[in-house]
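*Asks:* Start from the sequences, fold in the hints, and give me the full structure.
Protein chains in written order, with our numbering: chain A, 1 to 316; chain B, 317 to 623.
Just so you know, the hints here were simulated from the structure itself, not pulled from any lab data.
Treat each hint with caution, since some may be false.
Facing chain B, according to a computed beta carbon distance under 8 Å, are these residues of chain A, among others [claimed, not checked]: (1) Thr16; (2) Val19; (3) Val20; (4) Ala27; (5) Leu138; (6) Pro144; (7) Phe233; (8) Ile237; (9) Val252; (10) Gly274; (11) Val275; (12) Gln276; (13) Val295.
The C-beta atom is built at its ideal place from N, Cα and C for all residues, glycine as well.
One letter stands for each residue in the lines below.
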Amino acid sequence: MMTRMVMQRIGIGFATLIVVSIIVFIATSILPGDVAQIVLGQSATPETLAALRAQLGLDQPGYVRYFSWLGNMMTGDLGISKAGGATISSLIGGRLGNTLMMAGWVAVISIPISIALGLWAAMHPGTWLDRIVTFGTLSLISVPEFFIATVAVLILAVELRWLPSTAYMTGDESFLQLMKALAMPLITLVIVVSAQMIRMTRAGILNVMSSPYIEMAILKGVPRGRIILRHAFFNAIGPIINVIALNLAYLVSGVVIVETIFAYPGLAKLMIDGVQTRDLPLVQACAMIFCATYVVLILIADVGSILSNPRLRNPK
Amino acid sequence: MTEQVASKKEEEVLAELDSFAELPDAPPKRKFRLSWVGWVSVGVVVFWLVICVIGPSIAPFHEMDMDGDDSFLPAGQGEYGYFYLGTDYLSRDTLSRILFGARNTIGISLAATLLAYLMGITLGILAAVKGGWIDMGISRVNDAILALPTIMLGLIVIAALGSSIPILIGTAAVIYATSVFRIARALGQDIMVQDYVEAAATRGEGIWWIIRAEVLPNAAMPLATDFGLRLVFVVLFISSLSFLGLGVQPPASDWGSMVRENLQGLTYGSYAAIWPAVAIASFTIAINLIVDDISAKSGGSLAKKMV
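*Replies:* Here it is, written out as structure tokens:
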């Protein structure tokens with residue numbers, strides 16, 4: 001039963017990815033005029049247009065182009081960028097690594113902080129410190145990412161002059177220099193992601209706290225801290241895994257903003273540049289990478305919550 | 317089996333929504349009351365809505381007036397008048413641009429949210445009432461759109477169509493209509509099985525009468541709180557796009573693009589980028605606090621589930 005459910009989720013994940021690829025393909029093909037027209041620009045004549053269209057395969061019907069695009073993408077051939085004519089795989093290569101490195105650090109820093117703070121707030125509900133955490137995190141999740149980034153720059157880079165305000169990287173800096181360059185985007189993203197995770201961890205624990213077995217433990221006279229750590233926490237692990245995966249998925253939008261502000265040479269910055277120059281093949285490739293990551297993380301959250309539920313793991 | 321999985325999924329969604337509600341063991345109180353924080357927040361929201369209407373007429377300068385003095389002036393007396401919040405990178409008055417920009421930022425978001433509601437509720441209630449393949453079809457398309465990061469969808473559409481105010485409103489409306497659809501459909505299904513709906517159907521009332529007189533009034537309160545949350549998401553979405561230079565185009569003033577334009581001023585100690593960001597934050601935080609207050613105070617389980 002559990003294996004079947006997990007397989008079913010994975011199947012749904014695959015189906016979603018296919019639909020996503022169709023959406024991306026259609027959305028970027030509704031542009032009036034096609035790549036041939038853009039490439040030739042002013043010098044287009046009906047003959048050269050037709051020739052280039054035939055060369056690029058644009059004279060074929062939509063579904064043929066979709067399948068060849070999908071096939072190329074699967075085999076790692078992401079096409080050629082409109083601007084400059086470099087292959088998209090070469091453009092994306094290093095950028096993807098930079099973005100993954102940043103996301104990795106954000107996860108490593110924010111997950112322990114969020115679980116600790118969320119647990120702590122759930123252990124002391126209604127106290128003024130809990131109120132500060134609840135109010136603070138609510139405020140943080142209601143403001144745009146660029147607000148947090150701007151204030152961080154103002155305080156840490158302009159007023160205190162501790163950190164540089166752009167994440168310029170040459171590629172051969174020492175670990176300490178790298179950390180200093182990464183610090184501002186990291187701080188911003190950690191704040192954005194943690195605020196959401198703290199709230200959801202706290203809510204998850206409090207939710208478990210209202211179940212009958214906790215009431216039983218309270219009536220037995222078990223101290224509150226022990227109830228949370230021994231009874232509530234383990235039952236809240238499922239929801240918490242879910243929260244972590246969902247929030248790493250939300251990172252996608254945070255990364256877009258943060259890479260732009262700090263001029264961080266990552267995949268999102270590349271995509272925004274692509275949107276601004278309307279370099280559609282590049283946008284398609286980046287969008288597919290981001291969307292696939294998002295769908296996979298949501299899938300992990302789904303499967304994680306099935307696996308962490310003993311009732312689904314050991315069916316009667 | 318499949319049905320079991322489907323209902324499980326629904327449960328999970330509801331549980332997820334539930335986990336946002338504050339203090340699940342708070343005693344239910346039916347009366348609509350706000351704490352002082354809630355009232356202050358209502359004041360802030362009303363203030364900005366009023367500014368949307370009268371902002372341009374009380375602004376000391378026009379949004380595109382260049383003072384001619386200097387860019388990034390601190391607050392104070394300039395050659396052409398008094399700059400309460402200083403000037404921006406093109407030496408325009410920051411305060412005036414914030415007052416003008418309210419209309420763009422809040423107006424566009426409000427229009428997009430209303431449109432999202434119109435589409436989401438119409439389709440959601442249609443799906444709940446009709447069921448069958450109509451429900452299947454709309455729900456599958458909805459799930460596919462919901463499975464994508466909103467900012468990615470926005471970027472793809474803008475890469476393809478370019479950016480203009482109608483496209484911004486339409487894109488945001490379609491994206492956020494998906495979550496409205498889910499809620500409206502769940503609510504509609506909940507209400508459709510109530511005894512009073514059955515009674516109305518037995519009386520021989522038509523389907524549209526039932527929707528208008530029974531379903532909509534009962535779905536109104538939970539949808540109203542959700543409207544607030546949705547508006548916050550749309551404001552954040554639109555201003556994020558503007559911040560990326562892909563939303564409202566210059567020289568029109570918009571809070572998101574104002575932050576972007578004046579970011580470089582931060583290094584010279586100018587707050588021209590901070591004020592519009594504070595304006596956005598005050599509006600979105602206030603709405604969230606009101607919604608939080610309502611859901612903590614009114615114990616209606618359905619409303620709570622949806623917040």
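*Asks:* For each hint given before, does the structure comply? Return the numbers of the non-compliant ones in rising order.
*Replies:* 7 and 8
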